[in-house]
Structures are given as C-alpha cells and as structure tokens.
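Number of protein chains: 2
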Amino acid sequence: MGFTEKLRGKKEFIEEFLKEAIPNTEGPHGKLFESMRYSLDAGGKRLRPILLLEACSIVGGEAAKAIKFACAVEMIHTYSLIHDDLPAMDDDDLRRGKPTNHKVFGEGLAVLAGDGLLNYAFELMIESSLRYPQESYKYILAMNEIAQGAGVFGMIGGQTADLESENKVIESETLEFIHMNKTAQMLIRPMRAGAILGGASQAELDRITEYAENIGLAFQIVDDILDVVGDQSKLGKNVGSDEENQKSTYPSMYGLEESKSMAVGKIENAKNAISHFGENSQFLVELAEYIIDREF
Amino acid sequence: MGFTEKLRGKKEFIEEFLKEAIPNTEGPHGKLFESMRYSLDAGGKRLRPILLLEACSIVGGEAAKAIKFACAVEMIHTYSLIHDDLPAMDDDDLRRGKPTNHKVFGEGLAVLAGDGLLNYAFELMIESSLRYPQESYKYILAMNEIAQGAGVFGMIGGQTADLESENKVIESETLEFIHMNKTAQMLIRPMRAGAILGGASQAELDRITEYAENIGLAFQIVDDILDVVGDQSKLGKNVGSDEENQKSTYPSMYGLEESKSMAVGKIENAKNAISHFGENSQFLVELAEYIIDREF
Numbered sequence: 001m002g003f004t005e006k007l008r009g010k011k012e013f014i015e016e017f018l019k020e021a022i023p024n025t026e027g028p029h030g031k032l033f034e035s036m037r038y039s040l041d042a043g044g045k046r047l048r049p050i051l052l053l054e055a056c057s058i059v060g061g062e063a064a065k066a067i068k069f070a071c072a073v074e075m076i077h078t079y080s081l082i083h084d085d086l087p088a089m090d091d092d093d094l095r096r097g098k099p100t101n102h103k104v105f106g107e108g109l110a111v112l113a114g115d116g117l118l119n120y121a122f123e124l125m126i127e128s129s130l131r132y133p134q135e136s137y138k139y140i141l142a143m144n145e146i147a148q149g150a151g152v153f154g155m156i157g158g159q160t161a162d163l164e165s166e167n168k169v170i171e172s173e174t175l176e177f178i179h180m181n182k183t184a185q186m187l188i189r190p191m192r193a194g195a196i197l198g199g200a201s202q203a204e205l206d207r208i209t210e211y212a213e214n215i216g217l218a219f220q221i222v223d224d225i226l227d228v229v230g231d232q233s234k235l236g237k238n239v240g241s242d243e244e245n246q247k248s249t250y251p252s253m254y255g256l257e258e259s260k261s262m263a264v265g266k267i268e269n270a271k272n273a274i275s276h277f278g279e280n281s282q283f284l285v286e287l288a289e290y291i292i293d294r295e296f
Numbered sequence: 001m002g003f004t005e006k007l008r009g010k011k012e013f014i015e016e017f018l019k020e021a022i023p024n025t026e027g028p029h030g031k032l033f034e035s036m037r038y039s040l041d042a043g044g045k046r047l048r049p050i051l052l053l054e055a056c057s058i059v060g061g062e063a064a065k066a067i068k069f070a071c072a073v074e075m076i077h078t079y080s081l082i083h084d085d086l087p088a089m090d091d092d093d094l095r096r097g098k099p100t101n102h103k104v105f106g107e108g109l110a111v112l113a114g115d116g117l118l119n120y121a122f123e124l125m126i127e128s129s130l131r132y133p134q135e136s137y138k139y140i141l142a143m144n145e146i147a148q149g150a151g152v153f154g155m156i157g158g159q160t161a162d163l164e165s166e167n168k169v170i171e172s173e174t175l176e177f178i179h180m181n182k183t184a185q186m187l188i189r190p191m192r193a194g195a196i197l198g199g200a201s202q203a204e205l206d207r208i209t210e211y212a213e214n215i216g217l218a219f220q221i222v223d224d225i226l227d228v229v230g231d232q233s234k235l236g237k238n239v240g241s242d243e244e245n246q247k248s249t250y251p252s253m254y255g256l257e258e259s260k261s262m263a264v265g266k267i268e269n270a271k272n273a274i275s276h277f278g279e280n281s282q283f284l285v286e287l288a289e290y291i292i293d294r295e296f
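Sequence lines, in order, name chains A and B.
For the record, in the first sequence the residue sitting at position 217 is 217 according to the working numbering, with numbers rising by one throughout.
For the record, in the second sequence the residue sitting at position 4 is 4 according to the working numbering, with numbers rising by one throughout.
Incorrect hints may appear among the rest.
Because identical chains cannot be distinguished in the list, a pair is counted as satisfied if it fits within a single copy or across any two copies.
[Unchecked claim] Below are the SDA-like pairs computed for lysine to any residue, each with C-alpha atoms no more than 20 Å apart in a straight line:
hint	residue 1	residue 2
1	K103	E164
2	K65	L141
3	K31	N167
4	K31	I170
5	K45	L205
6	K65	N144
7	K31	E166
The set of hints was computed from the structure by calculation and includes no laboratory data.
Because the structure is a prediction, the values reported are computed rather than measured.
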C-alpha cells in the first residue's frame, strides 16, 4: 500500500470516531452540538490525531486505548480555528472552502462552540482515564502533555503573540515564539501523549519528541518557502521585497536555497531520531518525507 | 466569630492563592497573563471555591490538597463571565463596577483570556493530581465532576440555552434548564469534587449533593423574588405584569408568598441533608441561611 493510501486510511479511521464523538443532543442547547459538529466535520488533514496514534503504536501500545485522546486533540485544534476565525481575531469568512462557524451560527454560538470543544476534549480524556483505573497516573501524564501544549504556555500563548504582532514589525525571536507555540507545540505534545499512553520508555519518549520537534520546524520552513515561491509566481515580488518589509521568514533570514537545505536537514534529523524503531517507523519516515515533498 | 467574618476569612484565603495562581510572565504573550489576572482579581463572592473547600473539610479531607481545584473552579467561573460579557453575547461594559475584560484588552484578547483560564484550570487540576500519584484515580474522579459541570451538558449548555432564548418567549422547562445548567451545576459539581478529594463515602457524597442542589435552587428562587421586589419598588410594576410578559419566574408561576416558602423549604432541605455532619456542618448551615436572609 502506498503512503497516500495509508494516510487516507488513517484519516478515515479517525473520522469514524470523530463522527460519533459528539452525541446527538436535542433540547434548548441543541444548536451548540450542531455548531461543534459542523466545524469538527469540516475536514482537514487530521494530522495531530494521526501523529498521536502513530506514536502510541510505534512503542507497542494499543491505538484503541488512545483513540479518545486522538479525538480530543482534533477537537482542541478545531476550537482554536473557530476562535481564530472570529471577527475579533482573523475575521475569516471561509475555512476549508466552507463558511466559518460564526458565519453559519453567529458569533455568540461560535464562541460557545469553541469553549464546548475545548471542555469536551478534557471530558473525553478524563472518560478514557476512568476506564483504565490501573493506569490512571499514565493517563494524567498524557493529559498533562495535551493541556500544556494547548495552554497559555503553548498554543494559546502563541495565538496571543500572533494577535499582538498584527500590523507590527516583529523580531525574529517573536516569529519563532509564534511558530513554536501556535503550531509546533500541538504537534509535539500529542505525539508525546500518544507515546506515554503506549507505554514508552524515557529513551523512546525522547526520540519521539525529537522527531516531532524536527517535523514541526520543517513544516514551518516549508510553509515559509511556499509563501515566497507562491508570492513570486503570483505577485512577481521577490525575496528581497519581503526582506525590505522586515517580515522575518526563513527565506528572508537565510535565503531560499539555505532554507531548503535546512528543511531537508530537519527531515533527516527527524528520520534519524526514530530509526531505532526499525520497520515500525516506516509510516512516520514517509510522513516526514511527505512534508518536504509538498512542492519543491 | 460571626458568619460574615468567617465568610470573609475564607474569601481572603482563596484570594491569596488566586493571586499566586497565574504566574507573572513576560514576553510576546505577556498581555494574555495580564488580561487573565485582571478578571480573576476583579473580586466576587468566591462562592464556588469556598463550597469546594468546605465540602472537602466536612468529610475530613485536607483543604491543602484541594486548593488547586478551588482555584480552578474560580478560573472557570471567571472565564465564563469574560465570554458572557462579549459584545456577541451579553455585551456588558461593566462587571463588578470595573470595565469588562474586552473593554480593557480588546475582544480578541478577551476571547483568548477566557480560553486561557479554562485551559489553565485543567492544567492546575492535573498538576495537583500529579502531586499525589497514589490517589490519582480519586483526582480524576474529582476532575470529571468539574469538567461535567463546566461542559456542554452543564454550564456551556445552559449558556447556549440562555443565548438561544434571548428576545424569545420561553417555556418554564427551558428556564429551569438554564437555571440548572448555567448556574446550579457549577455549585453542585465543585462541592462533589471537594467531597471526593476529601475522601467522602458514597452516603456523604449524596448528602453533600443534596445540600448543593437545594441551595442552588433556593439561590435562584431568591434571585427571582428579589427581581420582582426590586421591579415593584423601582418601576412600580407588579407581579401580574411579569406574568403578562410571559416571563417564567418562580413568582410568576407560584406567586410571591408561595415562592418565599419554597425557598425556605429548600434551605430546610439543604440543612437537613448535612445534619449528619453535626458541628462540622455549622458553616454550611449558616451559608444556607445567609442565602434567604439576603433581603426578605
């Protein structure tokens, strides 16, 4: 089976559980569930839950015992998009080709749907933890990873820095802070949580963390490169103009070619970090390669 | 020591911990912490954390082991007020005599401060759970109570029903749903969590739940009564006009005198429910009486 086929299979596996995750609920709060489900069903790569489950299996864990955590990280990702799209934040009308949550349900309900998804993510993780009383400490450790990654020292912190940087010239440290917290944390922490649930040793956990950090950075570098390449072909502007605008990106700081080889280097680091797992690492190796294969 | 003095002492005890709960954080996300702290420091009765700690002590538990949970429920209460005050929701400019969060920090940051407080509440509860590995299952059970009370089948559900009922004639069932979920759940669940952390037996947990349900209802009835009494003296309108407006309140459904005796009855139920605890129940007994003593 080819990589894209495997990726699609894993995505569909997650989506089956996501479909069932939010109960059909009637009553005076029925619209809340409709609104939560609308955004959760809107698609996406489901990268975070896939990484979580993969980190669980690679250390020999049962994916079934981590599936609620996988759903939970996708809910957290989805809530952050709903709130991010609000008029007070990025003010986006479309997300993945569909009207954003507040465009369909109104701003008030969009705020509540986001709150609901965040809270429900914890409800799911707790429910899962209660099911395995013998392993409850392990489940709390895993929940801690998600909470930290999603929280004020993780994603919400990065989101704040992003909001505060709007229409401002920012330093490269701030940009790195935003990347690391707004995006990378919610790749790294779900993988760590999955590995913990799967019973990883400390050495295994370190390897998986190194993998996740490297693909997180590579992902960002490739995004920056694609922005430049896209800009050049679409707008005819060159890398120099980004530099003049003082927009700190990898290409503006290191040049296009150097950025490309940096991305390739990160992917090599990621692959090396998990080479220990041998054949079991095949999917994660291919996933890492897929990140830089996207365009260049 | 009189009751109000004891109440003040407990409030100050909580506030000392709340002051330290959110770390002073510099950097590109510094405003987030400022904004979270602004609303958390804005005062309030601190009723939920007081109830949680009291339920813990009354069953013989150590308040010290429940203090992070107490801070967490106040954070959840505070986040719900921040989001509730947003223009898309109640659009309030003032809360407890101070400008609301979004008036000071802007709407975007107010959304994130709310998200941050909710997430941080879970971070605190998890941190607390990790400190006592031998009791981790108990801590998950307590966390489950808070998550359920705050969630889509609790407070957020009630909030949604309230939002959906704006400018509509609603049935008495819907009003009861809103009361039970928007308000009462976050009195009942924190008490249950405190009792669980304190090592309550099932029978003790049932008694405390009954107490919390009854003071929750009494609180609501008294609020409804005070609304009517306030309306009568301020606007010269009488109970009948509320009834004509089809506003379902206890006085409009049962009349003023009957509502009063219903409130008194609930308070009696609450006191009876905890009579088993003898002298230890004194503060909760006085707290129950305080609820109906507010005005009438």
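- Homo-oligomer pair classification [L205, K45; C-alpha up to 20 Å]: neither (24 Å within a copy, 44 Å between copies)
- Message: Within a copy, between copies, both or neither: which one fits K31 and I170 at a CA-CA cutoff of 20 Å?
- Response: between (40 Å within a copy, 16 Å between copies)
- Message: When Cα atoms must be at most 20 Å apart, do K65 and L141 count as within-copy, between-copy, both, or neither?
- Response: both (14 Å within a copy, 19 Å between copies)
- Is it within, between, both, or neither for K31 and N167, if the alpha carbons may be no more than 20 Å apart? Result: close only across copies, 17 Å inter versus 36 Å intra.
- Item | Intra- versus inter-subunit Cα pairing at 20 Å for K103 with E164 | Intra 24 Å, inter 16 Å, cutoff 20 Å: inter-copy only.
- K31 and E166: within-copy, between-copy, both or neither at 20 Å Cα: Close across copies (14 Å), not inside one copy (33 Å); limit 20 Å.
- Message: Checking an output row: K65 and N144, CA cutoff 20 Å. Within, between, both or neither?
- Response: Classified as both; 17 Å inside a copy, 18 Å across copies.
Comparing the model with each numbered hint stated earlier shows that hint 5 is the single one that does not hold.
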